[in-house]
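Q: Model the full assembly from the supplied sequences, consistent with the hints where possible.
Given next are the chains, with one letter for each unit.
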Amino acid sequence: MTDNSAQPQHCTEATLVDGHALVFPTLRVLQADGSLYEQAQLPQIDKASALKIYHSCVFTRVLDERMLAAQRQGRISFYMTCTGEEAAVLGAAAALDDADMIMAQYREHAALHYRGFTLEQFMNQMFSNINDLGKGRQMPIHYGSKALHYMTISSPLGTQIPQAAGYAYGQKMRGEDNVTICFFGEGAASEGDFHAGLNMAAVHQAPVIFFCRNNGYAISTPAEEQYAGDGIAPRGVGYGIKTIRVDGNDMLAVLAATQLARQVALEQQCPVLIEAMSYRLGAHSSSDDPSGYRSKEEEQKWREHDPVLRYKLWLQAQGWWSESDDEALYQQYKQEVLAAVKVAEVLPMPELSTLVTDVYDEVPKHLSEQLEQVKTQVQQYPEYYRATAGKEHL
Amino acid sequence: MAKMNLLQAINEALDIAMGNDDTVVVFGEDVGHFGGVFRATAKLQDKFGKDRCFNTPLTEQGIIGFANGMAAQGMRPVAEIQFADYIFPAFDQIVNETAKFRYRSGNEFDVGGLTIRTPYGGGIAGGHYHSQSPEAYFTQTPGLKVVVPRNPEQAKGLLLASIRDNNPVIFFEPKRLYRASVGEVPEGDYEIPLSAAEVVKTGSDITLLGWGAQMELIEAAAKRAENDGISCEIIDLRTLMPWDVDTVAQSVINTGRLLISHEAPLSGGFAGEIAATIQEQCFLYLEAPIARVCGLDTPYPLSLEKEHMANEHKIFEAIKTCVNF
Ligand SMILES: Cc1ncc(C[n+]2csc(CCOP(=O)(O)OP(=O)(O)O)c2C)c(N)n1
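So the protein lines, in turn, are chains A and B. Heads up: the first sequence begins at 6 in our numbering, then just goes up one per residue. Heads up: the second sequence begins at 541 in our numbering, then just goes up one per residue.
Each hint should be verified, as a subset may be incorrect.
What the hints assert, rightly or not - Calculated lysine-lysine pairs in the DSSO-like style (CA-CA distance at most 27 Å, straight line): (1) A:K380 <-> A:K396; (2) B:K860 <-> A:K396; (3) A:K301 <-> B:K583; (4) A:K52 <-> A:K317.
Keep in mind the hints are simulated off the structure, nothing from the lab. Small disclaimer: the values here were computed from a predicted structure and weren't measured.
A: Here you go:
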């Protein structure tokens, strides 16, 4: 149960406590030049995992750049990047056990790559073709994989936050050695579901890590129009949840914070909130144009805090990475991504019958009848239904 | 008259409403400086200031609860929900609060000044979270008016009437047509009365009824039917609740047949309600069962969107079946 044993303090003069009375320290480990801050402690990390993290950084950068270009060429309908937030996402992912459930918002595909989602799987989802695990039903970037413990993305914001509390509570009841991590933006933290989810987790002591990527913007709305207090971290304290704030552009700091959060969540079977301070370097999505609401200078300032570059400098300082390794890895991923686009984009779309499956566990009569009507239509108008025509038997 | 698209018409209506009445306040996610993700509120903050046009935190529940409070106080809030798919976090505030404010207080309090604007509908490769047509949930809630315009001219006149109506109105904007629908729009201030359907075209063999973006598809199907010698009467319902039974019934008495088409799933859709009412009113005049051409009873898909939609071809085939019954 929660420890509510703090002794009450009394006063005889009305005293207002200001929200900012609680000053949140921000954990940082890595300096811009790749060296550690004085007295900073290195999280648990070995060469193999350090390089695995970096591979996912580069993969994500390449994927984001190429797929944004593919969207502009009209090859996919929509895209969202993780650019600028790779450390927040990967530092967290690398601190987890592979079987810890990840409930993401939509900008966390770097974590999915780290878990082992293949390039083909990414492509099949984005091209919503016949091999997409989600059967082509959702917009690009709404990935999910049961095998990799990555809950399929849902577009409505914040809905995963109370779900994560419940999922983690289930893990606790079953005596599992795992936690759940739930990612969301500072914008989504305004939704009612955020408050409901944190309170449920706190009262019922669920082993869940709430991970807020505070990237400064929710589409065009800057953080100062999103909340009046000192960010999201103090809310965790308000709900009785252990909370830590971290530099979200510092891979090692995020790793350290999440390792601690996981240890506490697991050992004490309780929720932990992490707020990672970062910046969304790209547009909100391929449908957005940030020049309408923020300056190039502001973006440039944040480019100087590039989390991937900072981390690379640290790897180089360890003697684990070189510029030529870097060049080669970028080249390799660029070629692989281009090749994978070409394969995925010509695969057929999901079978016509998937129109009515998975609505219920079995297809009810009224839906099989509706499918038959659609098949008749397709036969009547094969030109209009070009992608499905000729496959009505499926 | 000026030519403009549906978004510009909405922007103009908001501009006029705010200019004429200080109590009109416009807000929602990204609505302020940026002018909304579709730019329906562009320039309003520059013109009317941050107090009357602003960004809200990202909480639909908060937006509508806040709007209810403002409206109860006598203001005319125009709250934007960024996509109709995201109206559900505000469902409790709308269905239990907005709709029942007047009734439960014996008219001591009301939120009649409230208008909720939201883009709805599919055909934009948006999958199930950017394509829904949730109007039927709200037509089943007594106390709410539900309005859906089909083009820029209609949008401007209906939105002005909605904002000034003394009842809460949910105004569904067909986002597929935001930029695609361009037309002549009368200058200045004008209103199109709520709860009046419009006979868009007269005809004698069958009445085709719809609203919003569906009207385009109905009109296209009707053109093809006319080529086959079938004379179609076309009606835009415009306000779904309270709806104009008389205009529809009169038309069905003349044509003897009715086809209703909407984007939302068939089961529990508003077409069912219309069919039941018209069957009661026009039973002896009907020469064929009332036809419904609607979305499938599944969530809105991405890759099989064409197959799912109540499109022009499905409407055309249903017209022929109805006429040849
Ligand atoms: C309930 C709901 N309302 C609105 C939206 C539309 N929308 C999608 S992303 C977004 C902004 C999210 O901002 P934030 O949570 O800060 O995450 P970020 O995109 O910055 O990573 C909005 C308003 C949505 N998806 N769901």
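Q: Hint by hint, say whether it matches the structure.
A: Quick rundown of the hints versus the structure:
| no. | hint | verdict |
| --- | --- | --- |
| 1 | A:K380 <-> A:K396 | holds (9 Å) |
| 2 | B:K860 <-> A:K396 | holds (26 Å) |
| 3 | A:K301 <-> B:K583 | holds (22 Å) |
| 4 | A:K52 <-> A:K317 | holds (13 Å) |
When each numbered hint is compared with the structure, no violation occurs for any of them.
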